[in-house]
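> The residues making up each chain are set out below.
Protein chains: 2
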Amino acid sequence: MNKEISQAVIRRMPRYYRYLGELIDEGVERISSNELSSRMKVTASQIRQDLNNFGGFGQQGYGYNVQYLYEEIGKIMGLNEQHNIIVIGAGNLGQAIANYMKFEKLGFVIIGLFDVDTKLSGKKIRGIPILMLDEIEDFLATHKVDIAALTMPKKNADEVANQLVQLGVHAIWNFAHVDLELLDESVVVENVHLSDSLMQLSYNIVKSKKEL
Amino acid sequence: MNKEISQAVIRRMPRYYRYLGELIDEGVERISSNELSSRMKVTASQIRQDLNNFGGFGQQGYGYNVQYLYEEIGKIMGLNEQHNIIVIGAGNLGQAIANYMKFEKLGFVIIGLFDVDTKLSGKKIRGIPILMLDEIEDFLATHKVDIAALTMPKKNADEVANQLVQLGVHAIWNFAHVDLELLDESVVVENVHLSDSLMQLSYNIVKSKKEL
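Chains as they are written, first to last, in numbering that gives the first Met the number 0: chain A, 0 to 211; chain B, 0 to 211.
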C-alpha cells in the first residue's frame, strides 16, 4: 500500500464509489468486473487494474462484494473520518456549498462561513453561522478545521490562504480562479476552476462541429 | 490541425490562457518557454510539446509573442465566438453561476435561468430572468442556446437533459452528481462533480498525513 498511486487513478475512484453506492441502493450484493464495466462504460481490464492498485478486492469467478468494495474505497478516500470545512466567501457560491446536504453524507461537515461584508454578519445558512473574516483566528483556535473552501475573488486569495495555513489549516478547496502561491508547500490543494471547465466544454463544441 | 489532441492537453490549455492573460495585464510582450515554465511550474519541454499540438507559435530564440499566443489559444478554445447559456436550476448554485461576471468576459453569456419552483418565477438575477421549466420549449424556439448548465438535483437530470437535447441543445455543463444517460451520443458534456473533487481532496489529506 506504500507505492505511489497516480492522480489519474485517484480521479476515477469517486466514480467507482458513486456507482457502488447506487448498486447498494438497488440491493445488488455482488458484481463482476464485466457487469461493472458495462454500467460504468470503462473496460473491465481498466477496472481490475484500478482496483489492483489498492490490493484487488475481487475474487476470481465471484466478482466483487459490493458493500465491502464500497466501504474499502470509502476508507481509501478518507470518508471514514469526519472532515470539518469552513467556507471563505459567503456569496452565492459559498452559500450553495453550505446548502448542499450531500457533502455531509460523505462526512464533509461545514461548520462556518466567513465573509468581509458586514451585511452578512450574524446570518445563518442551514443553521451554519456567517462570521466576519477578522473572527477567523479565534474560530480556528477553538474549532477543528480540516478544509477551507475558498469561494472568494482571486484578488486576495493568496493572502487569505496563507493566513489560514499559518493558523493551522492544511487543506484548501480552491474555487478562486488562480493557482495559489502558498508559502508552505505541504498544504493539500484541490482546485475547482469553473472557467477552465467552460473553456474545455467550448473546445469540445468547436471540435464536434468540425466533425459533423 | 486535424489530428486528435488528447483531452489531457486540452485540460491544460485554459491554464495557459489564464497565465498569458496575466502577462498581458503586466505588459509583457514576449516570453520564452523557460520563463513561462518557471511561472507556471511545468517543464519548458511540456510547454513546447503542448503548444506544438496546435502548430507551435514560438520562434526559436525569440520566445512566444504573448498577445498572439493568447488570441490563438482563445480561438482554439472557441472563445472568439459568443456562447449563450441557459441554467436549469435557479437555486444557490444556479444563481452563483448567473452572478459570475467573469464568464461573460470569456464570451459565455447567460441568457436565462429555469426552475420548477413557482416562488422564483418572474425574479431576475443580474437582469437575467428566472423562467419556469415548462416555458423552455418556447424559449428554445426563439433564442439561440449553445450550452445548458444543469444545476438541478440528479433525480430528474437525465429526463431534463434528454428533453433539452430533443429541443436542439448540443452541449451540457453538468453539475448534477450523475453521469448523464443521453439518447444522442453526439452531445458534448462537461461534468463538474463537486463531491468527487472533495473526495480527491480528502484522499490527498490522508496521504499527506501518512507521509509526515
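Rather than coming from a laboratory, the hints here were simulated on the basis of the structure.
Source: prediction; values computed, not measured.
We put the beta carbon where it would ideally sit given N, CA and C, even for glycine.
Among these hints, one or two may not hold up.
Using 30 Å as the maximum straight-line C-alpha spacing, the simulated BS3-like pairs for lysine-lysine come out as follows [as the list claims (entries may be wrong)]: (1) A:154 <-> B:153; (2) B:40 <-> B:143; (3) B:206 <-> A:209; (4) A:153 <-> B:118; (5) A:153 <-> B:104.
So, partial list: chain B residues that the calculated Cβ filter (under 10 Å) puts toward chain A [said to hold, decoys possible]: (6) 44; (7) 84; (8) 182; (9) 199.
> Next step is simple, just say for each hint if it's right about the structure.
For each hint, the structure was consulted:
1. A:154 <-> B:153: 34 Å, violated
2. B:40 <-> B:143: Measuring from Cα to Cα gives roughly 40 Å; hence the hint is violated.
3. B:206 <-> A:209: This hinted pair is violated, its Cα atoms lying about 43 Å apart.
4. A:153 <-> B:118: 33 Å, violated
5. A:153 <-> B:104: 15 Å, holds
6. 44: Violated - the Cβ of residue 44 of chain B stays beyond 10 Å from chain A, reaching only about 20 Å at its closest.
7. 84: With a minimum Cβ separation of about 8 Å from chain A (threshold 10 Å), the hint on residue 84 of chain B holds.
8. 182: 15 Å, violated
9. 199: Hint holds; residue 199 of chain B Cβ to chain A Cβ min 6 Å, cut 10 Å.
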